[in-house]
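**Q** Protein chains in written order, with my numbering: chain L, 353 to 894; chain U, 2 to 359; chain H, 10 to 376; chain W, 10 to 376.
To be clear, the hints were calculated from the coordinates, so they are not data collected in a lab. No experiment lies behind these values; they were computed from the predicted model shown. Check each hint, because a few of them may be wrong.
Computed Cβ-Cβ distance ranges for the label pairs, DEER-style [as the list claims (entries may be wrong)]:
no.: 1; chain 1: W; residue 1: G89; chain 2: H; residue 2: D146; range: 45 to 55 Å
no.: 2; chain 1: U; residue 1: S39; chain 2: L; residue 2: T502; range: 33 to 43 Å
no.: 3; chain 1: H; residue 1: V91; chain 2: L; residue 2: A616; range: 12 to 22 Å
no.: 4; chain 1: W; residue 1: R368; chain 2: H; residue 2: D362; range: 43 to 53 Å
no.: 5; chain 1: H; residue 1: T97; chain 2: L; residue 2: L378; range: 23 to 33 Å
no.: 6; chain 1: L; residue 1: T410; chain 2: U; residue 2: G137; range: 19 to 29 Å
no.: 7; chain 1: U; residue 1: D236; chain 2: L; residue 2: T502; range: 17 to 27 Å
no.: 8; chain 1: L; residue 1: L378; chain 2: H; residue 2: N103; range: 18 to 28 Å
no.: 9; chain 1: H; residue 1: R368; chain 2: W; residue 2: D338; range: 35 to 45 Å
no.: 10; chain 1: L; residue 1: A616; chain 2: W; residue 2: D236; range: 27 to 37 Å
no.: 11; chain 1: L; residue 1: T410; chain 2: U; residue 2: T170; range: 35 to 45 Å
no.: 12; chain 1: U; residue 1: E347; chain 2: L; residue 2: T374; range: 29 to 39 Å
no.: 13; chain 1: W; residue 1: D338; chain 2: H; residue 2: S142; range: 46 to 56 Å
no.: 14; chain 1: H; residue 1: R368; chain 2: W; residue 2: D236; range: 28 to 38 Å
Ideal placement from N, C-alpha and C gives every residue a C-beta, glycine not left out.
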Amino acid sequence: MSVGDRLTSLPDRVADDTAVGTGLTLLAAALAAALVVPLGWLFVDVLGLGGRAIDLATSATTLAVLARSVALVAVVTAGSVLVGVPLAVLTVQADIPFKRFWTVLAALPLAVPSYLGAFAVVSATGQDGVLVNALRPLGVETIPTIDGFTGAALVLTVYTYPYVFLTTRASLLSLDASLVEAARTLNSGRWEAFRRVTLPQILPGVAAGALLVALYTLSDFGTPNIMHVEVFTQFIYARYTGFMRDYAALLSLQLLAVTAVILAVESRIGADDSGAYASSGNRGALSIRLGRLRYPLLLLPLLVGATAILLPVVVFALWLTSGGPGYAGGSMAFSWTYGWNSLYVAFLAAVASVLVALPIALRSAASDSRLAALADRAPYAGYAAPGIVLAIALVSFSLDAAPAFYKTLPLLVFAYVVRFVPQAIGSMRTSALQVDRTLVEAARTLGRSRFGAFRSVTLPLIAPGIVTGAALVFLTTMKELPATLILRPLGFDTLVTYIWRVEEAGLYGRAALPALVLVVVSGLSMAVILAQEDTGDGDTNE
Amino acid sequence: QGLIGGNSDDESVTIPELATFRGSGAIIEGRPAPGGTSIEDLPDLSGELNLYIGGGEGGIYYRFVEMLQEIYPDFTVYESSAASSSLAQNIVEEVESGAPQADVFWSIDASSLGYVADNDAYDPLGDTVVEPVPSGFQGDDNAWVGVAGRARSVPYNTDQLDESDVPATVREFPTTASFPNTVGWAPTYGAFKSFVTAMRLLRGPDPTRDWLVAMRENGAQRFPDEFVVSQRVADGTIPVGFANHYYALRVKNQRPDAPLDLAFTSGDAGALVNVAGALKIQGTQKSDLVDLFVRHLLSAEAQEFFATVSFAYPMIPGVEPVGDLPTIDELSPPDIDLSALSNLEETLEIMREAGVPG
Amino acid sequence: MSETRQTRPDADEHDRPPILELDGVTRSFGPETAVDSLSFDVRDGELLTLLGPSGCGKSTTLRLIAGLERPDDGRVRVRGDVVADDGTFVRPENRDIGLLFQDFALFPHLSVGENVAYGIANRPDEAVERRVSDLLDLVGLADYADAAPDTLSGGQKQRVALARSLAPEPDVILLDEPFSNLDVSLRREMREEVRRILKETGVTAISVTHDQEEALSISDRVAVMNDGHLEQVGRPETVFEQPTSRFVAEFIGEAGFVSGRFADGRVETPVGDVPADAIAGLDAEYEGADIDVLVRPDDLRAVPTDDGNGRVVHRQYTGPAFVYRVELDTGGLVYCEHNHADQLSLDRRVRVDLDIDHRLAWFPTEE
Amino acid sequence: MSETRQTRPDADEHDRPPILELDGVTRSFGPETAVDSLSFDVRDGELLTLLGPSGCGKSTTLRLIAGLERPDDGRVRVRGDVVADDGTFVRPENRDIGLLFQDFALFPHLSVGENVAYGIANRPDEAVERRVSDLLDLVGLADYADAAPDTLSGGQKQRVALARSLAPEPDVILLDEPFSNLDVSLRREMREEVRRILKETGVTAISVTHDQEEALSISDRVAVMNDGHLEQVGRPETVFEQPTSRFVAEFIGEAGFVSGRFADGRVETPVGDVPADAIAGLDAEYEGADIDVLVRPDDLRAVPTDDGNGRVVHRQYTGPAFVYRVELDTGGLVYCEHNHADQLSLDRRVRVDLDIDHRLAWFPTEE
Ligand SMILES: Nc1ncnc2c1ncn2[C@@H]1O[C@H](COP(=O)(O)OP(=O)(O)OP(=O)(O)O)[C@@H](O)[C@H]1O
Ligand SMILES: Nc1ncnc2c1ncn2[C@@H]1O[C@H](COP(=O)(O)OP(=O)(O)OP(=O)(O)O)[C@@H](O)[C@H]1O
Ligand SMILES: [Mg+2]
Ligand SMILES: [Mg+2]
């Protein structure tokens with residue numbers, strides 16, 4: 353019997369769980385279905401195209417653009433792993449000072465909408481860029497414009513690696529340090545031990561993060577647009593804004609097909625057959641002594657933080673003080689309500705997503721039934737669909753299915769859940785896989801019901817995953833634009849819709865304050881959230 | 002201080018002086034007082050209005066809505082802003098589902114208005130509402146009315162070129178010897194696509210494709226938007242480009258000494274004048290309020306606001322465009338139904354085929 | 010490998026009502042049958058010890074009783090109520106059966122005190138506090154109430170696990186190698202203490218152990234398992250002195266066998282003649298049979314001599330004594346235990362003599 | 010609690026060069042000093058056993074030697090090279106020291122075979138395969154090469170951990186309770202096997218155990234730890250028969266003490282007079298001192314009688330024997346071991362007599 357075969361006998365170890373398991377599977381499947389159904393409206397749109405659909409979908413240009421998108425996805429995903437994993441290791445395992453600070457810093461780029469970042473980068477570089485102007489006194493004459501495929505890849509990497517960072521962190525926090533110690537005494541150096549022991553165990557976490565990065569990249573419109581790379585979403589967007597909704601829907605379905613492929617790839621490396629890495633003796637987080645390398649290594653988060661956060665803040669702040677390009681007139685005063693609204697919906701979305709994701713994630717971690725796997729994967733469709741496409745689908749869906757909810761807060765929150773719940777599922781599933789089942793069994797023999805055991809044992813143990821999931825949903829909701837624009841109740845403005853409005857109006861300087869508020873608020877909430885995570889983060893080996 | 006007031010029906014309503022509605026800057030100084038109907042002469046706005054307003058210029062226009070709410074304490078607007086085309090498609094769907102959310106749609110381009118009109122999701126505006134606006138800037142059946150215009154233009158650098166160097170038709174651009182690698186454009190920008198659509202409608206698909214190819218082969222430079230195109234022209238990085246007229250004015254207003262001026266082609270797509278306009282959404286319970294609101298948008302103060310703050314072409318004869326812009330009737334726009342600009346599919350296909358993806 | 014003889018029922022085997030009954034219980038994992046139609050009873054208030062080689066299914070048996078595994082076949086009854094069979098399955102939390110896990114399974118997110126309190130959280134705070142501190146006292150960890158489990162030593166973890174499983178005072182408690190990580194003196198102390206508690210509160214217990222001394226000294230009965238099935242169950246003395254199979258004989262204590270033919274009321278063996286009445290259950294009906302007689306280290310003495318009947322091939326120091334492994338000239342190994350004062354050197358030729366003061370067990374000689 | 014007398018150096022103590030030297034090594038966790046200026050040497054090819062109560066710092070000591078903990082103070086040397094002191098710290102992977110973890114630490118993502126192969130992955134495939142299968146044979150898990158660790162029983166896991174730590178043939182191997190989860194026969198077999206391998210390959214080993222028999226029977230030397238420091242280190246016989254502290258005496262084997270005054274070349278104790286020459290190291294200089302003489306269960310015999318000098322307060326069946334705990338009339342507890350054939354009942358009055366065949370150890374009487 354192979355290890356894989358053996359593991360299939362693991363699920364439902366507490367013997368009476370099969371019935372409940374089936375129930376939970378059905379619940380998970382139902383939730384997943386609810387999340388995916390709105391996308392069904394895309395099919396309705398496509399039907400309008402009739403026979404042309406095939407031609408359009410397979411035209412050479414369509415395929416060429418698709419290929420470019422896939423290439424971008426590959427580059428950005430690889431880049432995010434290369435940045436995110438080392439940063440996670442650094443902030444979890446290394447003996448660096450002010451860990452919390454570096455953690456928040458490293459996660460913070462997620463709070464900045466990547467299109468703002470792209471905008472700042474484009475504005476800052478090039479012959480007349482803000483950066484050049486600022487550095488001219490120092491004799492810097494030109495900085496090459498960062499744009500095109502490289503630029504888009506760079507910017508997307510800088511703003512999406514936190515997905516990998518956060519999910520990897522959650523895995524590392526639940527890692528049993530004695531395994532690495534065992535490897536070290538078997539003469540593996542740090543790197544080898546990392547490669548052969550740590551990596552295989554955090555791989556589900558890394559894969560979960562990489563998946564989010566890949567799908568984000570696939571679905572992002574703003575960044576490639578600003579960077580002038582024609583990617584598939586832009587292709588879709590152009591058709592949508594050209595009143596070709598059916599064509600856009602068709603292309604969106606194609607995009608979802610690509611998503612399915614990515615999901616399939618992820619489940620190969622991810623948790624599917626190599627999961628259940630529970631090991632009983634958890635000796636807490638391992639500590640790596642960096643010695644003299646300690647400070648040089650901190651340059652990595654510093655550099656990434658500086659590009660990702662400081663650059664846009666500085667660019668926008670410069671515009672704020674100098675008036676910046678655009679109209680001198682026009683007021684469009686900033687109101688703190690926008691900030692409050694952002695926080696409020698983001699909070700609701702995070703809570704709702706956690707509630708929805710929990711059964712799906714638990715079921716997928718505990719069972720290897722096809723249905724559970726499908727329930728786990730299907731919601732990614734919502735995440736991979738470009739925001740605008742999803743928004744359109746949701747408009748049709750809600751107008752047809754629940755007109756009373758159209759343009760209400762509940763629908764908006766539902767949209768966020770549809771869009772972002774996979775982020776929560778991924779990280780929660782990863783930590784659920786790491787919970788040693790005998791702990792739950794111990795709770796049961798101590799008289800706790802299944803639910804009681806879940807509440808008092810499983811829940812606290814998967815807390816890092818829940819927290820990470822909630823944080824991801826929270827942060828991404830804070831910066832979500834397309835669905836917010838289309839589905840928000842009239843008169844309901846958030847930081848991002850305000851930023852969008854002033855940017856669109858060319859009042860770039862005015863974006864500075866809300867952008868700053870967005871980053872600060874996200875940073876603070878992140879700090880609060882990550883503070884909860886540290887329960888298992890004892891520096892036992894200090 | 003200085004209230005024009007007095008005529009108002011309600012003592013509590015005070016209309017601010019004209020300067021409040023005007024922008025500031027070099028090119029605004031010394032304008033004559035606008036003609037047309039003053040807000041003072043219009044009934045007061047009151048009640049609540051749901052407004053869909055397109056992004057982009059709409060962000061600036063919305064400032065005027067805020068001013069109206071300041072003037073009329075009983076008047077409240079709930080807005081939702083998104084891309085005009087996306088709002089247009091939403092409106093059609095909402096109306097089809099019998100759940101319209103907004104009373105009035107203020108789009109920043111005519112194609113979105115045309116899309117709603119073509120899909121019968123409007124209620125006609127009152128005759129008195131559309132009456133001051135030239136008929137070319139109205140929809141059939143009073144479906145919509147333009148409130149601010151913008152013209153395609155050719156910003157050029159006055160240090161590098163004379164006005165006479167700029168060809169009179171866009172057709173000549175690829176073959177103008179002094180232009181290789183120098184024409185700036187922003188093909189992803191909506192107004193540019195409208196321009197190509199217009200060319201397609203006027204000259205047919207093949208010549209349009211050929212023109213795009215010729216431009217590309219002649220080294221036209223891509224920029225993210227037309228504001229950047231105008232900036233680059235002012236900087237002298239490129240001597241000439243294609244852009245909506247107000248971007249150059251924006252640059253000028255900030256940098257009065259910039260060697261930047263505008264040329265206009267005549268009678269072809271390059272001279273297209275597109276409009277932002279308002280439309281009454283079918284099923285609104287507030288038909289009269291919408292009419293009155295749109296009349297406010299066409300008031301002297303509003304038109305002065307649009308002209309001087311966003312440098313748009315005013316839609317009523319009594320108000321001059323800003324600076325030394327030719328007036329609307331001095332322009333020679335092509336003869337084209339603005340609503341037809343919403344048919345972008347073929348345009349995009351042509352652009353793609355020409356290697357100039359939009 | 011091991012033939013079974015008739016079992017003599019132990020005198021007290023039917024004293025008290027069975028509280029726990031296993032009947033043909035079977036559990037397989039894939040091709041591997043971990044527990045193979047296992048049947049035994051545990052009587053109220055009894056302490057039964059499960060003994061058996063590594064991997065023979067002891068932990069699985071406990072898990073089946075606790076309700077953490079569902080039997081593929083067979084029936085488990087608690088107080089006469091079926092808790093698991095084909096159609097029934099009572100959940101672990103409803104069985105009132107405590108389990109100490111072989112690998113402790115301490116909750117890493119709770120402190121030592123909270124771990125112990127886990128099963129009694131529904132009691133009033135004060136009662137919980139008192140019970141936790143009593144139990145931590147019992148296991149010698151009074152100072153560790155606030156410590157995190159992963160800062161504990163192996164033995165400390167095991168003691169916390171013990172305290173935690175005792176806390177809710179279940180009717181039946183299953184202890185999977187509860188003392189394996191403890192040093193001898195602590196283990197001795199703890200097991201006496203635990204036995205005292207169990208007896209005082211009338212709790213029924215099944216304990217798995219690899220420590221024979223523990224099995225023999227504290228159990229009311231011992232059950233020996235092998236490869237998923239039960240070899241023998243009975244009082245410690247019975248199992249030790251009258252094993253029903255060679256497996257049990259060899260598994261508990263060091264066992265040597267000497268062969269001989271039973272004739273004329275005696276058995277002639279390489280270490281001397283044994284009268285039939287010194288061999289338990291060797292009735293006249295077996296006359297003429299070839300039998301193997303079980304001899305324990307303390308039944309034999311080895312005297313150094315140049316002729317003799319064997320040779321010392323191994324010796325082991327145990328503190329108070331040496332155990333010599335002697336290869337008999339007739340083939341076969343026997344063990345002799347000597348006081349540590351009289352040492353024999355390796356390879357020394359010796360004469361091994363019987364020196365018995367109790368009846369020996371026997372098995373038919375294997376072909 | 011326990012005074013220390015002079016240590017008699019063991020004869021072979023300086024035979025071979027030390028391969029491992031600990032010098033004043035200290036390691037604290039917060040307020041708790043787990044290892045307290047510990048100093049000892051291990052000589053090349055030696056098998057040293059660490060014994061000590063739960064939580065006394067044994068595992069921490071091994072972790073310090075392996076390089077998994079950094080000493081707060083003191084120095085560790087391997088083959089004369091400093092591997093840890095104030096300024097130096099050689100990483101675990103560069104020490105060539107293997108460690109079997111008390112809690113196994115098997116890699117859950119690797120199969121049993123892959124776990125064993127982990128440390129020798131750089132060898133040619135064929136060699137790896139051969140070694141893995143040899144080792145799995147050794148630990149009796151030849152059929153389990155493809156199994157996942159978490160489907161194994163406790164003892165199976167432990168055996169995999171053992172095989173894994175042996176695979177790379179390190180110079181020094183540290184075994185943290187390598188056999189605690191194994192049944193007695195397997196344990197006996199494994200430890201003989203492991204000892205044979207260690208001796209054949211000349212590997213130096215430190216083994217932690219709670220099994221005294223194991224400690225005494227397979228070790229070249231035994232080191233007894235208590236509360237972070239070393240109590241005594243020496244050959245098994247020395248430590249057992251001549252403990253340098255009461256702690257060691259009580260920790261290894263059952264120990265009773267009888268008190269008396271040393272006068273006229275003899276010590277008069279409640280269990281009879283002992284001539285001074287039957288007591289090790291009791292020189293004339295101690296004349297007149299009150300001393301406690303260490304008596305082990307096998308040094309005493311209890312004879313049932315109605316007068317006598319004590320009373321049986323506890324008895325324990327161990328299979329071959331009973332150990333009686335007798336409370337002497339003069340106070341104090343002693344243990345007597347009797348063949349299981351002669352049974353004394355609880356509460357029986359007995360006369361306890363000395364029956365010694367070796368020199369006894371003594372300690373000054375405590376106040
Ligand atoms: N990481 C740690 N943090 C805090 N205390 C610790 C840590 N590791 C060990 N200790 C403490 O140090 C002491 C010695 O622990 P160690 O594991 O060395 O004991 P041990 O002798 O191996 O015990 P056992 O026989 O029970 O395994 C114990 O009291 C333990 O609680
Ligand atoms: N979940 C499982 N999947 C597959 N095989 C299993 C599983 N659990 C136990 N086994 C197998 O069943 C057999 C019995 O295991 P069990 O844990 O009951 O043994 P044990 O008697 O407790 O042994 P030990 O004394 O070593 O702890 C072993 O061979 C083991 O490998
Ligand atoms: Mg077991
Ligand atoms: Mg230990």
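**Q** Each hint: holds or not?
**A** Hints, one by one, checked against the model:
Restraint check, W:G89 to H:D146: a C-beta distance of roughly 47 Å satisfies the suggested window 45 to 55 Å. Between U:S39 and L:T502, the C-beta spacing of about 56 Å breaks the proposed range 33 to 43 Å. Taking 12 to 22 Å as the suggested C-beta distance range, the pair H:V91 and L:A616 does not conform, at roughly 46 Å. Judged by the Cβ atoms, the range 43 to 53 Å given for W:R368 and H:D362 is violated: they are separated by roughly 28 Å.
As the Cβ distance of H:T97 to L:L378 is approximately 24 Å, the hint placing it in 23 to 33 Å holds. Between L:T410 and U:G137 the C-beta distance comes to about 42 Å, which lies outside the given range of 19 to 29 Å. Distance hint check for U:D236 and L:T502: the Cβ-Cβ separation is about 24 Å, which falls inside the suggested range of 17 to 27 Å. Judged by the Cβ atoms, the range 18 to 28 Å given for L:L378 and H:N103 holds: they are separated by roughly 24 Å.
For H:R368 and W:D338, the Cβ-Cβ distance of about 36 Å falls inside the hinted range of 35 to 45 Å, so the restraint holds. At about 58 Å, the beta-carbon gap between L:A616 and W:D236 misses the expected band of 27 to 37 Å. For the pair L:T410 and U:T170, the beta carbons lie near 38 Å from each other, so the given range of 35 to 45 Å is met. At about 54 Å, the beta-carbon gap between U:E347 and L:T374 misses the expected band of 29 to 39 Å.
For W:D338 and H:S142, the hinted distance range of 46 to 56 Å is not satisfied, since their beta carbons lie about 37 Å from each other. Restraint check, H:R368 to W:D236: a C-beta distance of roughly 48 Å breaks the suggested window 28 to 38 Å.
In this structure, the hints that do not hold are numbers 2, 3, 4, 6, 10, 12, 13, 14, in rising order.
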